[in-house]
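First to last, the protein sequences are chains A and B. Everything in the first sequence is counted per this note's numbering, starting at 1 for the first residue and increasing by one. Everything in the second sequence is counted per this note's numbering, starting at 1001 for the first residue and increasing by one.
In short, the hints are calculated from the structure, not lab data. Where a beta carbon is used, it is the ideal one built from N, C-alpha and C, also for glycine. Each hint should be verified, as a subset may be incorrect.
What the hints assert, rightly or not - Label pairs and their calculated CB-CB ranges:
no.: 1; chain 1: B; residue 1: Ser1031; chain 2: A; residue 2: Glu20; range: 38 to 44 Å
no.: 2; chain 1: B; residue 1: Arg1004; chain 2: A; residue 2: Asn114; range: 53 to 59 Å
no.: 3; chain 1: B; residue 1: Met1026; chain 2: A; residue 2: Thr253; range: 17 to 23 Å
no.: 4; chain 1: B; residue 1: Met1053; chain 2: A; residue 2: His255; range: 32 to 38 Å
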Amino acid sequence: MVQLTDTQLDRYSRHIILQEVGPEGQEKLMNARVLVIGAGGLGSPIALYLAAAGVGCIGIVDADVVEISNLQRQVIHFSSDMQRPKVESAAEKMRAINPDIEVNTYKIYLNASNIQEIISGYDFVLDGTDNFATKFLINDACVMAGLPFSHGGILRFDGQTMTVLPGHSSCYRCSFRQPPPPDAVPSCSQAGVLGAIAGMLGTIQAAEALKFITGAGTLLTDTLLTFDAKNMHFRRVSLKKRSDCPLCGENPTLHELEEGDRATCDLSA
Amino acid sequence: MEIRLNGESRFIDKVTNLSVAGLLEMEQVASPEMVAVQLNGEIVDRGTYQNTMIVDRNEVDFLYFMAGG
């Protein structure tokens, strides 16, 4: 365990005062290793809040550079960051918020060959990616590795998230089975997204990570939280671990990671 | 009949033999491929939408695929 310094007691005082967190919970955060996949709309608030919370080691994965159309919602990147690698831009802000933390950057696209190595060694993973192929890949790799993670997705005025504890709770595939056919997925430059939706959903995902690490509260497992910000309507849909899930069911048919078509829904375009 | 659709009560009249496919059409779901349908807590296999019937008191949830991040 780490011993909190006076400065850390001050910095994290609003966490420490929480009965469910306390100094022990803060120390758990400082010892935790969390991986954020995607430094875009969801990854921005996730990375900012995890850094501010003092999560000791944060990995961030993204192969892209900052483009002007990102700045409407990807709040970790500034106008002066255009054309910089997103992971570099994000890491700079995270370290500026909290010099105590370690930030690992991965400027790569995740695929079936590299994901297992990258996620290993982390305690919790957050999916802030923008395409179905990678969302399913993250689900499959985390379930196979027994690694807890938070799924997140946004579109237009809507968001959805669920937390998966492999072996214990419903996984993304239990309900969604397989990526939709690429020709059914609306082109996202047509679909669009309200910028603040990314913040609404990303901060929920960040809160789940902090709850998982500290043990505070009840996680969003076996539940899909969805919202429609047009009417500010939130809903929890109960899900369950399915015995016929192709990945985590009783007779799984998926034993290896699949390589999918990543370019299905690119909100950055 | 009365069903619960996405958590809300819905009265459906003048329809007999409503299938999952029929409900998706009635609800004007533009891309059924972008929805997973949960009927009474179970995911409905895509290949059975035409012959999976919805009856009084059923609970149906449309789980939309959302890829954006």
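Each hint tested on the structure:
B:Ser1031 and A:Glu20 have their C-beta atoms about 42 Å apart, which keeps the hinted 38 to 44 Å range intact. Range check, B:Arg1004 to A:Asn114: about 44 Å between beta-carbon atoms, so the 53 to 59 Å window is missed. With their beta carbons about 33 Å apart, B:Met1026 and A:Thr253 fall outside the hinted range of 17 to 23 Å. Evaluation of the 32 to 38 Å hint for B:Met1053 and A:His255 yields a pass: the beta carbon distance comes to about 35 Å.
When held up to the earlier numbered hints, the structure conflicts with 2 and 3 and fits the remainder.
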